Amino acid sequence: MKSTLARPRPRLLGMHGMRRLMHAILYLILTAGAIVAVIPMAWTLSSSLKDSAHIFTLRVQWIPNPVLWRNYVDLFYKLPFMRFIGNTLLIVVSNVFSAVLMGSLAGFAFARLKAPGKSFAFILLISTMLLPSQVTLIPRYIIFKTLGMIDTFWPLILPGWLGGGPFEIFLFRQFFMTLPLELDDAARIDGCGTVRIYWNVVMPLSRPVIATIGIFNFIWAWSDLFNPLIYLNSMEKFTLALGLATLQRTAEMSTRWELVMAGSIVSIVPMVIIFFLGQNYFVQGIALTGLKG
Amino acid sequence: MGALAGGRRVAVTGRQGLSRRERLEAVQFYLLIGPWLLGFVGLTAGPMLYSLFLSFADYDLFHAPRWVGLDNFQYLFASPYPLSLLWKSLGVTAYYTFLSVPVGIIGSLALALALNSKIHGVPLYRTLFYLPSLTPAVASALLWVWIFNSKYGLANAFLRSLGLPGPHWLTDPYMVIPSFVLMGLWGLGGNTMIIFLAGLQGVPTHLYDAAEIDGANSWQRFRAVTLPQISPTIFFNLILGIIGSFQVFGSAYLMTGGGPEYATYFMVFYIYQEAFKTLHMGRGSALAWILFIILLFFTLLQFSLSRRWVYYEGEQS
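Just so you know, the protein sequences line up as chains V and G, in that order.
Note that my numbering has the first sequence beginning at 1, numbered continuously upward.
Note that my numbering has the second sequence beginning at 1001, numbered continuously upward.
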């Protein structure tokens, strides 16, 4: 390529021209890539607005004619979609709160308090982070079945309140470690106990990590298929993900792709909104943790 | 108790025991991690031991578990496909891993390099490339079933417009894994890429300046500066990628049902089938432990290999 030409004298004018060319090529590739990334979404959106007659056509039709907003209405009154969304939100809200509260409390303990056996507990915590969930899957199911919790939301909610993912605890701990200990000492001299140091000193300084964990738990709980699939049986308990997955397999729906696509769009929209609200936390959070999912 | 502790606080702080404040702190510590500890015992450690036991037992949820020794493993390993699916399932999972992980790593790294250059509109591109990863697994599976539809799907419509024959993306046993890999390309701009981007931004610029003064071209700069500097990131993404691809479930469940001809019978799908469709909880547990040991092996292997080729700042060699 041209770089061999430019190499001996990188500071000459030729460099400018080459850099321009390189940038032009880069823009071209990136734009092509971005189009490829967006096309499936656009196709979904377009399909969701078509009528049954226009969806099964051999010719690609990008702009639906007629545009059928009705599909989005049908979704809600022909199917228990409102129910699905309500169920999902209930689980999501519980998981977000439990992750932030329990994660930060335990993370605070690991970062700020001294106790015998702490380093051993921390090793346990780290090792559970590496554990694939499949190993505990079957016994957990048996436990929840024994407790009579199958086809309730408890198996989807309870683990979060019992420390949930070790990820959250670890992430909070890492963040709290970066806050100066002098803050605690000053607060203690002012007569603050541990609880007030947690609530009035440490937590207000931890918005970024709170937002990150909240956002990721929102996404995980909203998108999760596996756990609802295993634990929920009756349709009025279904989450949005499970409802979509199940409906697509029923005979009636397998010919109504426009509704399946409309349902998919409904499940994507909150993700996109939360992404735009918390874009910076996203990038930080992913970079910090690597993050499953 | 109060008087005793009070007396102690004055007299003893070191060897014999904890001071009152230290004891209070220890109690607070265990109160705060209590829920997690309870979860660890009840939902992690306990279940792990129980699933180890179950892998040597026969259990269908309705009759008491019965110890059967190595029967489950014997059944899984010894019986040939199609009687036992273990080898098939391992093969499918490994095939998918060895195809999708390198493609994913190289693709995301290339994308991260492009987005790390000094051009305008990087935030916009980054957002557009990230959008696919925001799509919930179910939605993206449904979307791709529709795109891969061999008659009305977008993929074959595109090929038709070029005058090319369209394959049976999801119904041809030889095509289906490559189709899954192709589908994975859609998510190249996701978390892996963001991690690479963070890694690239952490490379000190003075190293590039020094390389430029020495007359290194862009390939040489990449080879001698970027690559060694981000090798920990590559290593990290590699482990995450392998572990992730060994845990594929959603696309098999939603798009192919493990077929055609067991071509997408991934390990986790197999576990799901054994445990929750045919209620072979013992066999399912044995499978889960096999998967666990494989993942553990990969993690440890990567950790030991990484010493050889991963460069860490401040390390003397």
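Since the hints were derived computationally from the structure, they do not count as laboratory data.
It cannot be assumed that every hint is accurate.
What the hints assert, rightly or not - Below, a list of computed lysine-lysine pairs in the DSS-like style, where the Cα atoms sit at most 27 Å apart:
| hint | chain 1 | residue 1 | chain 2 | residue 2 |
| --- | --- | --- | --- | --- |
| 1 | G | K1118 | V | K145 |
| 2 | V | K145 | V | K237 |
| 3 | V | K237 | G | K1277 |
| 4 | V | K114 | V | K237 |
What the hints assert, rightly or not - Rough simulated footprint, nothing fancy, chain V against chain G, three-plus residues with beta-carbon under 8 Å:
| hint | segment |
| --- | --- |
| 5 | 1028–1039 |
| 6 | 1048–1057 |
| 7 | 1092–1105 |
| 8 | 1119–1133 |
| 9 | 1147–1155 |
| 10 | 1275–1285 |
Stated by the list, open to error - Residues from chain V shown here face chain G by an in silico Cβ test under 10 Å; the list is partial:
| hint | residue |
| --- | --- |
| 11 | I29 |
| 12 | M41 |
| 13 | Y77 |
| 14 | W154 |
Nothing here was measured: the structure is a model prediction, and the numbers come from that model.
We treat Cβ as the ideally placed atom computed from N, Cα and C, and that holds for glycine.
Here's how the hints hold up against the structure:
Using a Cα cut-off of 27 Å, the hinted pair K1118/G and K145/V is violated, with the two alpha carbons roughly 56 Å apart. For a cut-off of 27 Å, the pair hint linking K145/V to K237/V stands: about 16 Å separates their Cα positions. A distance of roughly 20 Å separates the Cα atoms of K237/V and K1277/G; the hinted pair therefore holds under the 27 Å criterion. About 44 Å separates the Cα atoms of K114/V and K237/V, which puts this hinted pair outside 27 Å; it is violated.
Check result for the segment 1028–1039 of chain G against chain V: holds, 10 residues qualifying (beta carbon to beta carbon below 8 Å, three or more required). Coverage of the segment 1048–1057 of chain G by chain V holds [criterion: at least 3 residues with CB-CB distance below 8 Å; count 4]. Counting residues of the segment 1092–1105 of chain G whose CB lies closer than 8 Å to any CB of chain V gives 0, so the stated coverage by that chain is violated, three being the minimum. As drawn, the segment 1119–1133 of chain G meets chain V at 8 residues by the rule of a beta-carbon pair under 8 Å; at three or more, the given contact holds.
Residue count for the segment 1147–1155 of chain G with a Cβ under 8 Å from a Cβ of chain V: 4. That meets the three needed, and the coverage hint holds. As drawn, the segment 1275–1285 of chain G meets chain V at 5 residues by the rule of a beta-carbon pair under 8 Å; at three or more, the given contact holds. For I29/V, the shortest C-beta to C-beta distance to chain G is roughly 7 Å, which falls under 10 Å, so the interface hint holds. With its C-beta approaching chain G no nearer than about 6 Å, M41/V sits inside the 10 Å limit, and its interface hint holds.
Of the supplied interface hints, the one on Y77/V is violated, with its beta-carbon coming no nearer than about 21 Å to a beta-carbon of chain G, more than 10 Å. Hint on W154/V is violated. Least Cβ distance to chain G is approximately 12 Å, over the 10 Å limit.
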